[in-house]
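Starting from the structure of chain A, add chains B, C and D with the ligands where the hints point.
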Amino acid sequence: MSPTIGVVVFPGSNCEQDAVEAIRGLGAEAVLLWHESAEIGEVDGVIIPGGFAHGDYLRPGAIARFSPAMESIVDFAERGGSVVGICNGFQVLTEVGLLPGALQKNIGLKFLCKPVNLQVESTNSILTSQTKPGDILNIPINHFEGNYTCSEETLNELRNNDRILLTYKNNPNGSMGDIAGICNESRNVVGLMPHPERACHHLLGSTDGEPLLQSFIESANA
Amino acid sequence: MRYQASVEVRLREGIADPQGSTIENATSKLGFEGISNVRVGKSIRFTLESANEKAAHKTVQELCDRFLTNPVIEDATIIIQGIE
Amino acid sequence: MRYQASVEVRLREGIADPQGSTIENATSKLGFEGISNVRVGKSIRFTLESANEKAAHKTVQELCDRFLTNPVIEDATIIIQGIE
Amino acid sequence: MTEKIHRTLGLTDEELEKIIEILGREPNHLELAMYSVMWSEHCSYKSSRIHLKRLPVEGDHVLVGPGENAGVIDVGDDIAIAIRIESHNHPSYIEPYQGAATGVGGIIRDIFTMGARPIAIMDPLRFGPLDDARSKWVAEGVISGISGYGNSVGVPNIGGETVFDQTYIGNPLVNVLCLGILPKDRLVLGQASGVGNLAVLLGATTGRDGIGGVSVLASAGFGDDEEDADKRPSVQVGDPFEEKRLIECCLELLDAGLVVGIQDLGGAGLSCAASETASRGGVGMDFDVAAVPQREKGMQPYEIMTSESQERMLAIVTPDNLELVTQISNKWEIRSSVVGKVTQGGLLRIMEGLEGEVLGEVPAVSLHEDAPLYERPLAPPDDLESFQLDQAEQLPNPEDIAEDLLNLLSDLEWVTSQYDQQLFLNTVIGPGGDAAVLRLKNPSTGQDTGRGLAVTTDGNHRWCAINPRTGTAMIVAESVLNLACVGAEPKALVNCLNFGNPENPTVMWQLSEAVDGMSEACREFDLPVVGGNVSLYNESQGTNIDPTPIVGVIGVIPNLETPPPGMKWAEGDRLIVIGPEPEGLSGSAWAFAQGHRKGVLREFDYDLHKRICAITRELVQNKLVTAVHDVSVGGLGVATAEMAITSGIGCSLARISSHEALFSESSSRVVLAVNPEELINVEEILTNADIPIVRIGLANGDRYTIKGLLDLELHDMKNKWADHLPSAFEGGTTQG
Ligand SMILES: Nc1ncnc2c1ncn2[C@@H]1O[C@H](COP(=O)(O)OP(=O)(O)O)[C@@H](O)[C@H]1O
Ligand SMILES: [Mg+2]
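Chains as they are written, first to last, in our numbering: chain A, 1 to 222; chain B, 1 to 84; chain C, 1 to 84; chain D, 1 to 736.
Be a bit skeptical, because a hint or two may be false.
[Said to hold, decoys possible] Taking lysine-lysine and the DSS-like style, the derived pairs with C-alpha atoms no more than 30 Å apart in a straight line are:
#	chain 1	residue 1	chain 2	residue 2
1	B	LYS54	C	LYS58
2	D	LYS718	B	LYS29
3	D	LYS718	A	LYS114
4	C	LYS42	D	LYS297
5	C	LYS29	B	LYS54
6	B	LYS42	C	LYS42
7	B	LYS58	C	LYS54
8	D	LYS297	C	LYS29
9	D	LYS568	A	LYS169
10	D	LYS297	A	LYS110
11	B	LYS58	A	LYS110
[Said to hold, decoys possible] Cβ-Cβ distance ranges computed for the label pairs, FRET-style:
#	chain 1	residue 1	chain 2	residue 2	range
12	D	ILE94	A	ARG24	45 to 55 Å
13	D	GLU14	C	ASN25	45 to 55 Å
14	C	ASN25	D	ASN559	22 to 32 Å
15	D	GLU571	A	LYS114	55 to 65 Å
16	D	ASP77	A	GLU157	29 to 39 Å
17	A	TRP34	C	GLY14	33 to 43 Å
18	B	LYS29	A	GLU78	31 to 41 Å
19	C	ASN25	A	ARG24	26 to 36 Å
20	C	GLY34	A	ASP75	27 to 37 Å
21	B	GLU49	C	ILE78	26 to 36 Å
22	D	LYS331	B	GLU33	47 to 57 Å
Because the hints were derived from the structure by calculation, they are not lab data.
Glycine included, every Cβ here is placed at the ideal spot set by N, Cα and C.
Excised from the complex, chain A in its bound form (with noise of 0.2 Å):
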């Protein structure tokens, strides 16, 4: 049986659609999650989409983080779902408290839409599993507000933890530790500022996304 994955949607989000073809194209169900309501339904994996929840305005995620669906999808990954935020969705994750930190405006002041080379440092979470540390993946970032940022003791607890997934080869945002992506302690939520969606069909330029939304599909299978 292949997993049902729900993505969130809140009036702003615009990678949705995308996410939903990227799941399907690697085999597995998906189903959008209207943010209004406070039932997820029977999914097996949540992914909480890029975009612009609410315009951004205020700070980008920080309306999201009180929609029913947020309530419900806290409970889940309290109960050990696999939750992945990407790009926006990394952002409602710490504003909701689901991931340590925050993430200012880009370095340069400018939005940033490119391919980068991440590299693997931990396979330990849910969705890097299927790929091998020191890993070179080139995928797309799109944003300007992915300057991780977080206190001194937070970035060594998630060092010492092994809590970094993905790190910048060039830091193109001034992200502290050169951070693309984190995980929570028990390791099922995941918060990555790239889109591995956009890099999933040779016609796009890469399919360095596949191993991640793979490992993601695999853990909520599980």
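For chains B, C and D with the ligands alone, kept in the frame of chain A given last:
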């Protein structure tokens, strides 16, 4: 009673400020000398109905804690004034 | 002499503030009642070297006009304080 | 009293006479305000309409031609594509960020008004020179405005142009093209029908934005403080979040079949939307100003009717469907209000409450169809003869030809990386290619059709300054060749005519010549014009901009299983140029860089051009070339340099004998990189088709050399190219 609230949201000390450093760099390129420590925050103003000033302050404080700031990196200064 | 400058950049009256209205809507959903006229601006703080307070004010004013604001849609309030 | 006011509103005495004739009485202030905005150049095309009629608009696959919010073509598989281009030049000079942002918002609304989901934008931009701080401030603001709005509203930006030149110093050009996709049977038109149907205003509240010239009404004593009048903001602020919800809401309404017609609110606001829907449907409308949700207190009816507040749509719904419409709007947190009712006869009545006082009453059609039509005097410039005699071919030889080439190279990544280029997973070639390429997926099922769309935008003020007619024809020809380079067949053209002051006979001559050049080329290439926009009065301090028609051409790629070749050649590839011998330097980027802006353009051969396009398409579709790039701005020098830089592989070139051969921009030429094993085969195909070929060299090594002309390290060349924009902008920008 109606009050005018003004909230200044600032990055906590020690947290890097990409907007501030970008502005600082730009000023020196534009020929402005001697400008340093640029920090950029948000200023949010609104009116609110409240029983009294104390209650107004409490509401705004709660709004800041829950919503207007991200306590991981920001804090806020609140000013409340009565509107006649 | 060193001065502390604080600039509040605000949208002029009558100019739409989509960010402000979105925040306003969100407050009521969060259960905060009676909040209205939310307007969001920027607050920029920095230190500068200047011969005297008047010169400092002039520099900051120029910085606002040339760089920090677009007078077509924004106003700035400038506060300058000497630092001992 | 009206006598004085009509002129401050930009209406002439004759225009006022005409209004009096239509109404059979003097107009009141509200009516006058509505006529003034609807009969403005911007809305009525009064100076250009007479010329636009000459453009060919017909084609079997054209579903909707000019006259609607966007052109629509049938691309097969029951899929239709909507396309439109528009300018936001003047607002962008005053408030670059918001001016450009609202330009993006406006063009996107034109597309989803047709029932299409916006899937891509492109932004041909023109700014003053990079050594002018204010021009850079404008450029920086415009680019971040397009980025800020486009990214957030969720429409990827797949291409455009960024040009810096003296001619735009006081008047930048911000054109934006938008492309939308729809199931053919969902096509809707902006018309009202069915007496008793309701007009529902969707989206943002109405404020005093963009009232512009009309605000003089206030100072003429309309009960408002005179003081308030000039404080009144005419700058509009975009809200991409509102627009995103508006898109989703409107597409859901259309999918559910709940609207009879729908119309975006653009220039002239409610006056335009209400009268346009009514007159297209051959009906009238009672319009209730009091029902319009207002952002500011004390707005006058004329302000409500002429405000250009952004992110609003007017939908026509049957009373039965109103409740469902409200439900869907609520879901998307979109405000909806019933503001009018479709009536019999053709009157647009503006009222205070639908049962209340009638504030103004005009035949809806008269705001459009009776708009004045001017045949303005036109004349070629007086000095045309001496202008044509002063040719760039007579300029002295370059002192340092390598330096001249390097100065023409510029990487646009500084601009394009600020744009989301990939949303919707369609973008096979984004900004930077000869044409952008998108996968064509079925909008209902998401199924890939295995085919592709290709789009390009092109303009060239240098060519058009030399000869607006030939220059414009060359632009169209270049677009068609750009599409051929990615293997696409051209299907339709949209255009934006950016010109100076139409009251100047030379400007009108330029416009008329450009339209003739475009018509001629479109007829030759069998390319219907499906829409466009005209932007006049692009002038500052009495100087008109160089004529700048911009075209956008869309084509279809029949088979898109692998990406088209693009510009990257491989080590060992043989390099050939196909097409005519290069001739002439007048109007070239090289000549302009020397400060030389006169001369004549060489005519090009349509027949040869068509054959070059066909053969290029064939070679690309059959995967017989490793790389392909057409020769355009900067000539063969820039074309080969760009290929070398993108490939990271140098080249040794020969048979480019002079700076004229290197920098000439004559049309119909393409550089091909061919694997040595395919060379004989490719040359045979070309020879059989009677296509002129020159072997110019070999792709190899880490130097860019041209025998007898120059020798550069590829690495240095690449750095110069990459650094051009960043170093200019890092030098600082300021608004004045
Ligand atoms: N240069 C042109 N070529 C062809 N059609 C044009 C041109 N300029 C304007 N049009 C057509 O005229 C119609 C009205 O344009 P406009 O008033 O700008 O529309 P809107 O009200 O949506 O802004 C549109 O259908 C447009 O395509
Ligand atoms: Mg329109």
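### Query
Which numbered hints does this structure break?
1, 7, 10, 11, 14, 15, 16 and 18
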